[in-house]
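Q: These protein sequences, in sequence, are chains A and B. Count along the first sequence starting at 1, add 1, and that's the number in my numbering. Count along the second sequence starting at 1, add 2, and that's the number in my numbering.
To be clear, the hints were calculated from the coordinates, so they are not data collected in a lab. Note that the structure is predicted; figures quoted are calculated from it, not measured. One thing to keep in mind: the hints can contain errors.
Here are some chain A residues the structure puts well away from chain B; computed CB gaps all over 12 Å [said to hold, decoys possible]:
| id | residue |
| --- | --- |
| 1 | Val102 |
| 2 | Cys129 |
| 3 | Lys147 |
From the derived model, a few chain A residues whose C-beta atoms are all more than 10 Å from chain B [to be verified]:
| id | residue |
| --- | --- |
| 4 | Arg59 |
| 5 | Arg86 |
| 6 | Asp103 |
| 7 | Glu131 |
| 8 | Glu148 |
| 9 | Lys153 |
| 10 | Lys154 |
| 11 | Asn165 |
Chain B is faced by these chain A residues, among others (derived, beta-carbon under 7 Å) [to be verified]:
| id | residue |
| --- | --- |
| 12 | Gly73 |
| 13 | Gln74 |
| 14 | Ala75 |
| 15 | His97 |
| 16 | Arg100 |
| 17 | Ser101 |
| 18 | Ser162 |
Here a beta-carbon is modelled for each residue, glycine too, at the ideal position from N, C-alpha and C.
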Amino acid sequence: MSTSGLFRFPAPLTRVCPVPWGLRLCEKLPLLSPGTVATPVQAAGKKDRPTLLSLDERELEEQFVKGHGPGGQATNKTSNCVVLRHVPSGIVVKCHQTRSVDQNRKLARRILQEKVDVFYNGENSLVCREKREAEKRKQERKKRAKETLEKKKLLKEQWESSKNVP
Amino acid sequence: MLRALLSGLGWRKGIWGCAFSSWQPHQPPAGLSATEVVSHWTVVFEEKGIPEARESSEYIVAHVLGAKTFQSLRPALRTQPLTPWQLQCIQELSSYRLQRMPVQYILGEWDFQGLNLKMAPPVFIPRPETEELVEWVLEEVTQGPRVVGAEGGPLILEVGCGSGAISLSLLSRLPQRVGGGPWSPSLVSEHPASHVPLFLGQSRVTAVDKGEAAICLTHENAQRLRLQDRIQIVPFDVTLVESWAHLLPWGPVDLVVSNPPYVFHRDMENLAPEILRYEDPVALDGGEEGMDIITHILALAPQLLKDSGSIFLEVDPRHPELVGSWLQSQPDLPLNLVAVRRDFRGRPRFLHIRRSGPQRVSPVDAWPGRQPARVPG
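Take these sequences, add in the hints, and give me the full structure.
A: Structure (structure tokens):
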């Protein structure tokens with residue numbers, strides 16, 4: 002899923018959903034089809050990205066907004082909040098990020114998948130590991146930038162002093 | 003000062019602009035944050051018996067702040083005070099909600115399958131269930147046996163396109179070019195009208211509707227999404243049997259898709275004011291048993307479908323049985339109900355009907371100048 006122009010007029014791409022502030026954008030997770038029960042949820046991921054802990058649909062309890070009425074054409078509801086509970090751990094995710102029930106269901110699963118991973122794997126969870134790696138890369142970049150700056154300073158000083166040689 | 007501000011700034015808004023009004027009922031005190039304003043209008047709506055009071059309030063405030071949902075707003079935006087202009091716009095939009103106008107019409111836009119579509123009364127507002135219809139069609143097209151012919155495709159006919167939701171979401175999800183093998187220059191031809199190379203190996207849709215407003219809105223949404231080159235939008239009334247021949251040039255198609263009017267006539271009066279007051283009843287009323295449009299689509303489909311082509315319908319939960327019986331009562335129709343799928347509420351909502359056998363001339367057919375029957379195989 003490529004990044005779409007969130008600030009341009011919509012291109013005919015799929016599934017552009019604003020991700021909550023603070024949550025990383027997991028680009029490569031496959032879009033889930035909740036209709037296919039008992040299929041473990043997995044992250045396809047980049048080649049070097051290890052798989053997230055799978056979620057089993059059978060361990061999930063899902064709730065939509067009550068009082069939906071007859072549904073279909075006979076109803077026009079805009080409330081599409083999804084409440085998803087992972088029974089073994091008790092973690093509950095509530096998602097009303099997008100205007101689509103379908104999208105919210107998928108997002109809820111994605112968010113829940115990460116939370117469950119953190120719950121069981123703590124510091125070793127994918128989220129924490131990637132955070133540490135990102136921080137490490139950031140520090141390395143800073144260090145390199147500093148080194149480059151110092152080199153430039155040194156060269157400038159040398160050039161300045163060479164100018165003064167009669 | 004406020005008037006100049008309102009007229010000068012062209013921000014994205016609902017179809018009713020923000021007019022300055024000196025009479026401001028229910029206006030919250032100044033200096034409130036988005037969260038507080040949402041709570042304020044929630045109370046107002048609840049007191050007036052407006053359904054989905056909180057959700058309506060959240061959508062309106064989020065819209066004024068430039069977001070699609072309240073939850074997607076950055077926390078900082080939710081807590082800082084709103085400007086008088088923002089409060090005024092929220093007031094204006096909320097006054098329409100007090101008239102029971104559906105939120106989608108108030109905002110003038112709504113999302114479907116990740117696409118943003120313009121909404122305008124009285125054109126039917128896409129329902130959340132219908133997103134699953136699109137998902138099912140996509141599954142069948144991409145995972146099932148290849149539905150592509152020599153032209154690439156699939157070629158799709160949508161009956162009752164409304165705002166264009168189903169057609170446009172299918173087009174946006176279906177690849178421009180379907181089928182294996184390298185792209186060949188011989189597949190490219192010049193489109194006479196626009197001089198744009200038209201790739202023959204692409205999925206295309208013919209979208210039809212009885213309503214003029216729907217035709218216009220689908221056009222507009224197709225252009226918004228830059229899909230106008232892959233969709234034909236045709237005024238058409240499926241209940242006028244004598245007009246069926248007009249669709250033949252666009253066939254035969256791989257798929258017929260529809261969310262036809264399927265409300266039982268006796269249920270119409272029980273619909274919420276949001277629906278009764280603002281949406282076109284023609285888009286909802288399916289006759290006595292909600293089957294009128296469905297049966298016309300099924301009767302027409304074999305003449306437009308390729309061998310083994312499919313029909314996907316959204317229906318009332320009472321219809322799977324009724325459709326099954328009706329098909330049995332029509333032995334001359336080469337159609338079989340092959341699958342029923344439930345919506346996210348667990349109600350049987352979607353039908354997959356497949357055309358069986360080779361195309362042949364219908365015995366009932368008596369149109370002058372009709373195409374000869376296709377040779378099977």
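Q: List, from low to high, the hint numbers that the structure doesn't satisfy.
A: 1, 6 and 18
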